[in-house]
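Engineer: Each chain is listed here by its residues.
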Amino acid sequence: MDPMPKTLKALSWLTGALLIAALYMVWIYAPREAVMGDVQRVFYFHVAVGWVGMLAFLATAAAGVIYLLRGELRWDRLALSSVEIGVVFILVNIVTGSIWARAVWGTWWTWDPRLVTATIMELIYVAYLMLRQGIDDPNRRARFGAVYGIFGFISVPITFLSIRLLRTIHPVVFGGESTVDGSFNMEPEMLQAFMFSLLTFTFVFVTLLWHRFRLQTRTEQLEQRKMSALSE
Amino acid sequence: MILQSTTPDTFAFMVLGYAVILGTMALYILSIFLRDRRIDHETRLVEALETEEQNK
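Listed in order, the protein sequences are those of chains A and B.
Going by the numbering used here, the first sequence opens with residue 1, and the numbers climb by one from there.
Going by the numbering used here, the second sequence opens with residue 1001, and the numbers climb by one from there.
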């Protein structure tokens, strides 16, 4: 048996505590937004989960580059773990965006550049997970994953910049003067809740990535053990 | 929403949004936990088989 490292255990508890504090910040500490009402509170975690997704895909691309340079399979394990987390969090990002849109724009979905690019990005990484399954040789699979992860990352800046460069109804909270439905000025308490949510979800990402990487390592170790037991 | 005079009641949407966020995160953590437990179980089985082989 492989006991969980004490640092990972401590990090998990810290992340749990931060998450509870973040919920207090967004539900109670931050004031209710006057035009949208309570649904605006979804924004804090909606952006934070999007941040996790993009961070995860960045980690995948970086791990891919390191794998291609060093050829060590642990970087492929890290890339795979990171993609899985990214796919889960971008899915949550799209769904929560849709819920917010229903309340503010009056529709669950519209063919807006941000919504479309985010969905394409999600599908690119879902395909990464599916296509990997079809390759048996671990080194070929890792090489494919690395190259795909690097090229797939092109979708991340396109998604991020879509609301800044294209005509869109999606609000730009930072670095834009958006006047569309759903844009708002942040009170200091709102900004604090937002920044705290981003910090919390960065911890969520690191904690989940460590857990998922550890699981992947254990899975592959077990597979190797099974193979050697069968070959004896 | 521009011409409205009072704050709309969008509480249900907020609840739905956080249910999706926290629910999905909980499910993902549960999936990692269950996969980890399966690895523990299978490792124990392989260890038992290896011990059995050694005792033969």
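A hint or two may mislead.
In the EDC-like style, the derived pairs of lysine to aspartate or glutamate whose C-alpha atoms are separated by at most 16 Å in a straight line are [said to hold, decoys possible]:
hint	chain 1	residue 1	chain 2	residue 2
1	A	Lys226	B	Glu1053
2	A	Lys226	B	Glu1052
3	A	Lys226	B	Glu1042
Read the hints as simulated data drawn from the structure, not as lab findings.
Engineer: Take the C-alpha atoms of A/Lys226 and B/Glu1052, compute the straight-line distance between them, and say whether it is at most 16 Å.
Structural biologist: 14 Å, holds
Engineer: For the pair supplied as a hint, A/Lys226 and B/Glu1053, is the alpha-carbon distance within the 16 Å limit?
Structural biologist: 13 Å, holds
Engineer: Checking one constraint from the list: CA of A/Lys226 to CA of B/Glu1042, max 16 Å. Satisfied?
Structural biologist: Distance of about 9 Å is within 16 Å: holds.
When held up to the earlier numbered hints, the structure conflicts with none and fits them all.
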